[in-house]
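Chains as they are written, first to last, in the working numbering: chain R, 1 to 160; chain X, 1 to 209.
Hints listed in this document are in silico derivations from the structure and should not be mistaken for laboratory results.
Positions of the beta carbon are idealized from the N, C-alpha and C atoms, including for glycine.
Please note that a few of the clues may not be correct.
[Unchecked claim] To be clear about the criterion: a stretch of chain R counts as covered by chain X if any three or more of its residues have a C-beta under 8 Å from a C-beta of chain X, and this derived list gives those stretches:
#1 81-93
#2 108-116
#3 119-125
#4 131-144
#5 147-158
[Unchecked claim] If you want a taste of the chain R side facing chain X, the calculated C-beta under 8 Å gives, among others:
#6 His78
#7 Ala99
#8 Phe100
#9 Leu101
#10 Met128
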Amino acid sequence: MAAVTKEGLMKEPGMGMTIGGFMIGGAFFGAVDGYLLGEVVGALAGAMVGALIGAGLVVLAFKPRPQDTATEIAHVPHANYMLIWAALFVMTILEVGVAFLALSKIAIILALLLLAAWKALLVALYYMHLRYEPRRLWLLAASPLPLAIILVSTVLFERW
Amino acid sequence: MSQQEAVVVYPRHPMPGLGVYNLKAGMWIFLLSEVMFFTGLIGAYIILRFAQPDAFPEPGVLLNVQLTAFNTFVLICSSVTMVKAFAAVQNGDQRGLRLWLLATVFLGTFFLSIQAIEYYLLGSHGFLPTIAGYAAEAGGPLYGMTFYTLTGFHGAHVSIGVLALIFTSVKAFRGGYTPEQLGGVEIMGLYWHFVDLVWIILFTIVYLI
Chain R
1 MAAVTKEGLM KEPGMGMTIG GFMIGGAFFG AVDGYLLGEV VGALAGAMVG
51 ALIGAGLVVL AFKPRPQDTA TEIAHVPHAN YMLIWAALFV MTILEVGVAF
101 LALSKIAIIL ALLLLAAWKA LLVALYYMHL RYEPRRLWLL AASPLPLAII
151 LVSTVLFERW
Chain X
1 MSQQEAVVVY PRHPMPGLGV YNLKAGMWIF LLSEVMFFTG LIGAYIILRF
51 AQPDAFPEPG VLLNVQLTAF NTFVLICSSV TMVKAFAAVQ NGDQRGLRLW
101 LLATVFLGTF FLSIQAIEYY LLGSHGFLPT IAGYAAEAGG PLYGMTFYTL
151 TGFHGAHVSI GVLALIFTSV KAFRGGYTPE QLGGVEIMGL YWHFVDLVWI
201 ILFTIVYLI
């Protein structure tokens, strides 16, 4: 691909379109499946979250950045790895501390999930260099997340 | 430009599709299948826990959180040594690449050793992944089943990662990686960081919540 333009991406049988369609299709299927089982609310919530994330990702993926078109890499950008390590270390200690606080169970779970998601995001963005990758790889990397939400939420809200 | 300011400039071949080289695209696609694999396991854990809240003891009652928190720290350290190995090969530092890779192999093995000790200690308290070994005070069958399935599958991933790391190290000692040819180190790193990422979530969900 000589230059990544919006038109070029549209012409190309792009990964973005394929994955975006796959995700929206998955979300739709999640909703239909939930309807058949009589579990409209949970499945629709999952499907809507999935479709929203999917749509956002498609928009992101179609915005090329300079490094997507560069023909040579003058220097490889990366974060301060030791700083990320320190942040992960501190957040692990925080997690263990929060888990045994005398707070309500819901508050503790929310805080723990937030910290875990934050840590996971740090690893993915900086250690796996996702932050410096083309946006279309972001789309690919995030594509299973809506599916994961649909999978868990649909079964979780099922009543029998 | 002085010597210190010189940076490595190497050609970047046109990469259609995802905009990354095939090796990396392949590893990412594999990791996506792994995300769904662990979603199945973690999702089952969440669903079972919602369905049977009494079968799961409070955090710290049965599991040794301090030991596992230390183990989490070991795995985080192994992630930083892995990324340091990649940074070394990017800068053409062969010695650094080998040393950081060896450090990662060591830390990965250390993590597995601590997990083995943890399993041994839990087993000696009657918390075993066998039907006969389930004690009622240890949460009953559901807890043992989910705990050993989740941590066991993660441990298997770390074991495979350590084997792959040994392979990568041997190749590094033979001079198989250069700043132009570093795909092997990068995708090894991607797998290793993914395993670390999964542990971050498992540690939170299984040990702390």
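Report task. Determine which of the earlier numbered hints do not hold for this structure and return their numbers in increasing order. Result -> Per hint list: single violation, 9.
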